[in-house]
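Go ahead and model the full structure; you've got the sequences and the hints to work with.
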Amino acid sequence: MELLAIFLMLLIPLAQCVDRGNFKTCEQSGFCRRNRNLTPGQSQYYVKMSSLKTPTPGSLSATMVNARAGAQFELHIQALEDNRLRLRILEQNPPRPRYSPTEALAGEPKEASLAISEKEAESLTFHAGQNKGVLSANPFRLDIYSNDQLVLSANSRGLLNYEHHRSKYKSSGNPRQSIVNISSVSPPTLYLSAQVPQEGQEVEEKEKKPEENQDGWWEETFKGKTDSKPYGPMSVGMDFSFIGFEHLYGLPEHADQFVLKQTKGVSDPYRLYNLDVGEYELNNPMALYGSVPYVMAQSESRTLGLLWLNAAETWVDLEAPVKQVSELSANGRAAAPGSVGQGVVSSIVDFVKGGTPPQPQQDTHWFSESGLIDIFLFMGPGPKDVLRQFGLTLGNTALPPLFSVGYHQCRWNYKDQEDVRNVDSGFDEHDIPYDVIWLDVDHLDNRKYFTWDPYLFPNPTEMIHNLTAKGRKMVTLVDPHIKRDSSYFIHQEASSKGYYVKQKNQEDYEGWCWPGSSGYLDFLNPEVREWWAGCYALDKYQGSTLSLYTWNDMNEPSVFSDPEITMLKDNLHHGGWEHRDVHNMYGMYMVMGTHKGHLQRSDYKQRPFILSRAFFAGTQRYAAVWTGDNTADWGHLRISLPMMLTLSVSGMTFSGADVGGFFNNPTPEMTVRWYQAGAYQPFYRGHSHHDTKRREPWLFEEKERGLIRAAIRTRYSMLPLWYTLFHENERTGLPPMRPIWVEYPQDTKTYDMDDQYLVGNVLLVHPVTDIGVSSVSVYFPGGQSQVWYDIDTHQSHEGGHTETIPVDLSKTPVYQRGGSIMPRKERIRRSSSLTHHDPFTLYIALDKAGSSASGQLYIDSYDGYGYRNGDYLLINYTYTHPTLQARIVEGPGNYKTQEWLERVVIVGLREEPKTVQLRVDGEPEPQILQAAFVPPALVIRKPGVNMGRGWDITLTF
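Throughout the sequence shown, residue numbering follows mature numbering (1 follows the signal peptide of the UniProt record, and there is no 0), covering -17 to -1, 1 to 940 in sequence.
There could be a bad hint or two in this list.
FRET-style restraints, in silico, Cβ to Cβ [what the hints assert, rightly or not]: (1) Lys588 to Lys523: 13 to 21 angstroms; (2) Leu529 to Asn929: 27 to 35 angstroms; (3) Gln583 to Thr451: 50 to 58 angstroms; (4) Thr451 to Glu781: 44 to 52 angstroms; (5) Thr8 to Lys523: 42 to 50 angstroms; (6) Lys588 to Gln910: 39 to 47 angstroms; (7) Lys588 to Pro77: 43 to 51 angstroms; (8) Thr451 to Asp522: 14 to 22 angstroms; (9) Gln910 to Glu873: 25 to 33 angstroms.
Rather than coming from a laboratory, the hints here were simulated on the basis of the structure.
Since the model is a prediction, treat every value here as computed from it, not as a measurement.
C-beta: ideal position from N, C-alpha, C; glycine also.
See below:
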């Protein structure tokens, strides 16, 4: 077995491409086959209108029936605050409960009011704010309108499927237990009724004993391992049609374009199942490390979001957009679903002739292996509204400590303390700032987490103190698999307390990962998370300090010895839940414990920094994420942009990609371009495999070394902007890295763009991601009234058109929006911690008329939680020709700053001012400020005012 472990450990990191045979296709997954093969237009679910109730002022409920199988369900529709709706379908009185991942939510959502405005025998209409819902009873269907415009239809194609609990063998006492749900079998083996019955009508039952293992109902084998499926088929699924939309985004994580593509009839559906897939393939829907079952729909008129809250393996099919006729029937409702291939709106043509221009439609089909149906709808109406509503539901990224927004240096592995010292010194010798050095798995004592190799890292505390003396930090790897070694204190405690995930026979599960034979901690258990948090205590994690932070890797979880390189689905967790129920949340549960451990060890005085590879909706509250084990390849550099845009609109706003690629060796040109791109992405880390050549920035030739240095320095100069944007993100849900259509939602030219993006509402960034190019095409959004300024040359570019921009290896096309004000710090330091008291420069980019601009700056102590008690400064800057003003709009509480204003650069002035006068707190300063005008920029030197004061600078002409 030890030889097997060594082989498996060598096999995975040395793989040169994805072995697709390791991972299931839809056709190899029974529940995926069953749901994907459903025939549209044959829905078997109806609502018993006589059961309708309004249990609260914001909700309604009713009984739903599977007409062919007789199973009953609870339907719940709820209006939530801030223009949100929730739809739940629960199995009624199941013999075994179904898992609901409510810990993904930021808290219990608050209800709004919901009123039933019309009720008929087979339908009802309700209103919730500006939204209207039309519930059709037979078959069940829910149409959602916003301002009387149909925007979403649920089960319009009749693909709702809820595989209710059943007995494997027929029971003479209750023949219904043996009835086959024909919606889940292809071809059907039991036919009960050709017509959907009316309420109260008896269903004719023609009993037939189901086959022993019909289409993967009771067991399924893959890669030599059998999934026992003791509870039988439990999948849930439903179709949702987005009316009036052509563009859908989301469903991370996939190495694919930003706009979601058609899958039905083209490829497998998008798969959401957290997996360890090194050197992943590009431009396909294969599952990767994380899962957020969420899409965001964008059109000129509105934005819509849909969250499918389910932690089990999930697949999502998309149909190509088709032009539809958007007439409504005489009663104002969408017509019943038509034949196969018809969309929800197209069938209305059968009822209403003539009419209106066609509109697009996107049909989606969601299905999960287990769990229940729990849907959140974020009704917008604009993209910023949807992002806020998403954050209100699942939480936003907590404001990170400033150091974590700087540059990180990582390699698998820095060999020993001397290697760490040399790398750290190398940055100083070459005047390159950085904040964090990382240690991978080889820093451990025999692959045992919370330990140090006694020969390679004999004095870890001293090593960390040498870093913190320069304001730097360290991150170490802590994975979920625990070496099964009787002398290892973590294993001893976990084993004796029963903290490991169990096999189906209730014995501790044993898998293989970096340590060899490993136990996997059951983080679903709150007691285990509490114990895990305690493992980070300084007296427990010997050699650690408060400047040591954590990387939770391999937490999909990765298991080298089992199918799909992950845990068996019939393993058991706390509460009797199978692993299939919770798989996509396993990594999140782990970082919940790690996050609490970081808080406890500092007595809740420091903000944690944790990086997690696996994630689920809500992980953003605890950890940053990255795009996993990418490759030194131009395609991987290009795909990092849409991958991070997808993460950004799906809540994972603190994200990045390994600069340079983890596997293989990048060329010098590729390395430079990757550093330039990474400088404008939220998480900025260079990382490489131990089989690659060393690639610390100074190991390149002088030209490339200088360009890498310049890119990292640019990142550090813009840390005030990034920090301000993360503050905005925590409050509003707006991601720091955002698609252009978030700021320009009616500019349809931006909907398909994923090679350029915005940093806040300030910078337009178009990284160069192709080899040897001398120009790139840049689209400048905002129409002719908008102007953009090159941050290097101040050259202006009018909005609303595309320009060919010449580039050489030193050039990254980045433009400041006219009408914005950007704070920067431009003194070169070794790390961000040494910039805390440094002065600011304000870059004012005037609008096209040369008359106005505005912006914000957020500053605090850059760590800790004083800001949540009001100890911070939020400053508004406005330029209204000819005066620039600074006004404190929030704070300072007990916060005081030594930071001051060193320079002001105003871009877009049309003439040179005669004088520049400073007033502080309303009083004029005696000296006239010095300024230099080199059109179109005016540079004002040393206003010298503290950032915590209000002031005005007035130009006279």
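Results of checking the hints against the structure:
no.: 1; hint: Lys588 to Lys523: 13 to 21 angstroms; result: 18 angstroms, holds
no.: 2; hint: Leu529 to Asn929: 27 to 35 angstroms; result: 30 angstroms, holds
no.: 3; hint: Gln583 to Thr451: 50 to 58 angstroms; result: 20 angstroms, violated
no.: 4; hint: Thr451 to Glu781: 44 to 52 angstroms; result: 49 angstroms, holds
no.: 5; hint: Thr8 to Lys523: 42 to 50 angstroms; result: 44 angstroms, holds
no.: 6; hint: Lys588 to Gln910: 39 to 47 angstroms; result: 42 angstroms, holds
no.: 7; hint: Lys588 to Pro77: 43 to 51 angstroms; result: 46 angstroms, holds
no.: 8; hint: Thr451 to Asp522: 14 to 22 angstroms; result: 19 angstroms, holds
no.: 9; hint: Gln910 to Glu873: 25 to 33 angstroms; result: 30 angstroms, holds
Violated hint: 3 only; the structure is consistent with all others.
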